[in-house]
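Whole structure, please, built from the sequences with the hints as guidance.
Sequential numbering of the sequence shown, starting at 0, is according to numbering that gives the first Met the number 0.
Don't take each hint at face value.
[Unchecked claim] Here are the computed lysine-lysine pairs in the DSBU-like style, where the Cα-Cα straight-line distance is at most 30 angstroms: (1) Lys45 - Lys19; (2) Lys14 - Lys45; (3) Lys45 - Lys6.
[To be verified] Here are the in silico distance ranges between beta carbons for each label pair: (4) Gly42 - Ala3: 28 to 38 angstroms; (5) Val12 - Ser33: 28 to 38 angstroms; (6) Val36 - Ala10: 13 to 23 angstroms; (7) Ala31 - Asp11: 32 to 42 angstroms; (8) Val36 - Lys14: 11 to 21 angstroms; (9) Gly24 - Ser46: 34 to 44 angstroms; (10) Leu48 - Gly17: 10 to 20 angstroms.
Keep in mind the hints are simulated off the structure, nothing from the lab. C-beta: ideal position from N, C-alpha, C; glycine also.
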Amino acid sequence: MTTATPKIALADVHKSFGRKQVLRGVDLSIDAGSSLVVIGGSGTGKSVL
Numbered sequence: 000m001t002t003a004t005p006k007i008a009l010a011d012v013h014k015s016f017g018r019k020q021v022l023r024g025v026d027l028s029i030d031a032g033s034s035l036v037v038i039g040g041s042g043t044g045k046s047v048l
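Structure follows, in structure tokens:
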């Protein structure tokens with residue numbers, strides 16, 4: 000079995016707006032042909048991704 004290389008890969012992503020940290024240590028990989036849905040409350044960093 001061959002392991003496919005992800006089309007999108009993020010590793011240890013951090014993001015802050017001023018003193019507000021919205022992402023901390025995010026890892027994500029998305030394979031070709033896959034779909035991803037990001038769900039969360041207001042101000043939780045969805046749009047930053």
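Here is how each hint holds up against the structure:
1. Lys45 - Lys19: Within the cut-off at roughly 14 angstroms; holds.
2. Lys14 - Lys45: holds, 11 angstroms
3. Lys45 - Lys6: holds, 20 angstroms
4. Gly42 - Ala3: 28 to 38 angstroms: Check passed, 34 angstroms falls within 28 to 38 angstroms.
5. Val12 - Ser33: 28 to 38 angstroms: violated, 18 angstroms
6. Val36 - Ala10: 13 to 23 angstroms: holds, 21 angstroms
7. Ala31 - Asp11: 32 to 42 angstroms: violated, 23 angstroms
8. Val36 - Lys14: 11 to 21 angstroms: holds, 20 angstroms
9. Gly24 - Ser46: 34 to 44 angstroms: violated, 18 angstroms
10. Leu48 - Gly17: 10 to 20 angstroms: Since Leu48 and Gly17 have Cβ atoms about 19 angstroms apart, the given range 10 to 20 angstroms holds.
Against the hints set out earlier in the document, violations occur for numbers 5, 7, 9.
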